[in-house]
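Chemist: For reference, the chains in residue letters:
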Amino acid sequence: MQPAAAASSTAVTPLRRLAIASTTTCAKEASDYGKCIVATYTDVHKDMCKAEFERFGACLRQTMKRKW
Amino acid sequence: MILATRSCFKAHLRSFASLASSQVNSATQSPFQVFDREVKRSQKDRAVARDGGNRSRTVDYVRNEVADRMIERFLASDIKRKFPSILDLGSGSGHFSKLLEPDRTQKVTMVDMSKLALGRDPDTEFEVQVERLVLDEEKLLDTIPRNSQEAIVSCLSLHWVNDLPGVLVQIKEALRPDGVFIGAIFGGDTLFELRTALQLAEVEREGGISPHISPMADPRDMSNLLSRAGFNLLTVDVDEVKIRYPSMWELLDDLRDMGENNAIIGRRHLLRRDTLAAASAIYKELHGEEDGTLPATFQVIYMIGWKPAPHQPEPLERGSGKTSLKKVL
Numbered sequence: 001m002q003p004a005a006a007a008s009s010t011a012v013t014p015l016r017r018l019a020i021a022s023t024t025t026c027a028k029e030a031s032d033y034g035k036c037i038v039a040t041y042t043d044v045h046k047d048m049c050k051a052e053f054e055r056f057g058a059c060l061r062q063t064m065k066r067k068w
Numbered sequence: 001m002i003l004a005t006r007s008c009f010k011a012h013l014r015s016f017a018s019l020a021s022s023q024v025n026s027a028t029q030s031p032f033q034v035f036d037r038e039v040k041r042s043q044k045d046r047a048v049a050r051d052g053g054n055r056s057r058t059v060d061y062v063r064n065e066v067a068d069r070m071i072e073r074f075l076a077s078d079i080k081r082k083f084p085s086i087l088d089l090g091s092g093s094g095h096f097s098k099l100l101e102p103d104r105t106q107k108v109t110m111v112d113m114s115k116l117a118l119g120r121d122p123d124t125e126f127e128v129q130v131e132r133l134v135l136d137e138e139k140l141l142d143t144i145p146r147n148s149q150e151a152i153v154s155c156l157s158l159h160w161v162n163d164l165p166g167v168l169v170q171i172k173e174a175l176r177p178d179g180v181f182i183g184a185i186f187g188g189d190t191l192f193e194l195r196t197a198l199q200l201a202e203v204e205r206e207g208g209i210s211p212h213i214s215p216m217a218d219p220r221d222m223s224n225l226l227s228r229a230g231f232n233l234l235t236v237d238v239d240e241v242k243i244r245y246p247s248m249w250e251l252l253d254d255l256r257d258m259g260e261n262n263a264i265i266g267r268r269h270l271l272r273r274d275t276l277a278a279a280s281a282i283y284k285e286l287h288g289e290e291d292g293t294l295p296a297t298f299q300v301i302y303m304i305g306w307k308p309a310p311h312q313p314e315p316l317e318r319g320s321g322k323t324s325l326k327k328v329l
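Protein chains in written order, with our numbering: chain A, 1 to 68; chain B, 1 to 329.
Check the hints yourself; a few may be wrong.
Here are the computed distance ranges between Cβ atoms for each label pair [unchecked claim]:
| # | chain 1 | residue 1 | chain 2 | residue 2 | range |
| --- | --- | --- | --- | --- | --- |
| 1 | A | 35 | B | 134 | 42 to 52 Å |
| 2 | B | 266 | A | 20 | 26 to 36 Å |
| 3 | B | 228 | A | 50 | 20 to 30 Å |
| 4 | A | 45 | B | 146 | 49 to 59 Å |
| 5 | B | 134 | A | 20 | 37 to 47 Å |
| 6 | B | 166 | A | 20 | 40 to 50 Å |
| 7 | B | 122 | A | 51 | 54 to 64 Å |
| 8 | A | 47 | B | 122 | 53 to 63 Å |
| 9 | A | 16 | B | 176 | 48 to 58 Å |
| 10 | A | 15 | B | 102 | 39 to 49 Å |
Don't read these hints as lab results, they were simulated from the structure.
Because the structure is a prediction, the values reported are computed rather than measured.
For glycine and all other residues, C-beta sits at the position ideal for the given N, C-alpha and C.
When you get a sec, could you build the whole thing from the sequences and use the hints?
Modeler: Right under this line is the structure:
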């Protein structure tokens, strides 16, 4: 019972991998994107930070070795 | 193109899609129907079932903290009375009930719609006699007779109730005259950091927003709601619990383990990875602390109200005071 519980809580789900990629591996790109939004967050519109997000997204895809 | 890439990952997408809700039908939907109660019940059940209850116990910190602050109000306020029994409405696993001591009450009846949550912890963890009752908070009067309760408490469950004014009326009806209601409910500023991060991410990535965080009660409305429900001698105050997380992802995990997933009727059933990742980045830049942690605010409204009774003290008439406050101060 106990080992099974431990195993299931440490299993790396795709979402967990996305979490790690977005906060650790791609921290620099994430920060650039976040700063772009925060610079004018009272007036956000679609694709306002497209370039920054594309770099962030590319890093995520490369880290996770998949497209979506 | 989008369809093609989507289908490749259908299996994975499923894993973070939330439960399907019934279709929104504006013609038959009452304006008071905001939350899907059946979905909420199964979310609560699943949260407790995960890892044999261990995950659920790990995330008791918010509820335990608020239960602690609520019992302070219960003990330290003017409620010097002893109650033979107390009804804990939406008790969950009994975070508040566990703090009750035999010198104030003999018995507590825990009411919750999730059977698993009610039964999570054994009776030995309680100091008073416990009775468990599986019942939807919205249908309190279906099972509990009118004028039958000495005291009703509710700690962090009424924010999932559709018709809050109606439930408050039911609570008042279930109380005996001069019975007391003590409650804690999440206020509108709860999780504002997550709310804003998701909204900004959705606008910038997808060009629109959808409901991910519930609408919650405004502290200013609470005393009006209580007096409208017919309570007397009201006390309402607001407090905040701030928790720091390493990132948005731990917050999302913990909310799920608390059984606090989104249960709004007509919610989107999945968040795109792009939007989630964007929200995580925005959360950090917009709200992050200097030490790298991300704060999440839980705003809590505490309320005390009494059911009217003939011998209850009443406020004096306006202008009948004899002592000038100026002199006192």
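Chemist: If a hint holds in the structure, say so; if it does not, say that too.
Modeler: Structure-based check of each hint:
In this structure the supplied range 42 to 52 Å holds for residue 35 of chain A paired with residue 134 of chain B, their Cβ-Cβ distance being about 50 Å. Roughly 32 Å separates the CB atoms of residue 266 of chain B and residue 20 of chain A, a value that falls within the hinted 26 to 36 Å. Here the CB-CB span from residue 228 of chain B to residue 50 of chain A is close to 49 Å, at odds with the stated 20 to 30 Å. A C-beta distance of roughly 54 Å is found between residue 45 of chain A and residue 146 of chain B, which places it inside the suggested range of 49 to 59 Å.
As the Cβ distance of residue 134 of chain B to residue 20 of chain A is approximately 39 Å, the hint placing it in 37 to 47 Å holds. The hint said 40 to 50 Å for the Cβ distance between residue 166 of chain B and residue 20 of chain A, and at roughly 45 Å that hint holds. Between residue 122 of chain B and residue 51 of chain A the C-beta distance comes to about 57 Å, which sits within the given range of 54 to 64 Å. Our hint of 53 to 63 Å for residue 47 of chain A and residue 122 of chain B holds, since their Cβ atoms are close to 55 Å apart.
Range check, residue 16 of chain A to residue 176 of chain B: about 51 Å between beta-carbon atoms, so the 48 to 58 Å window is met. Checked against the hint of 39 to 49 Å, the C-beta distance between residue 15 of chain A and residue 102 of chain B comes to roughly 46 Å, which is consistent with it.
The structure fails hint 3 only (numbered hints given earlier).
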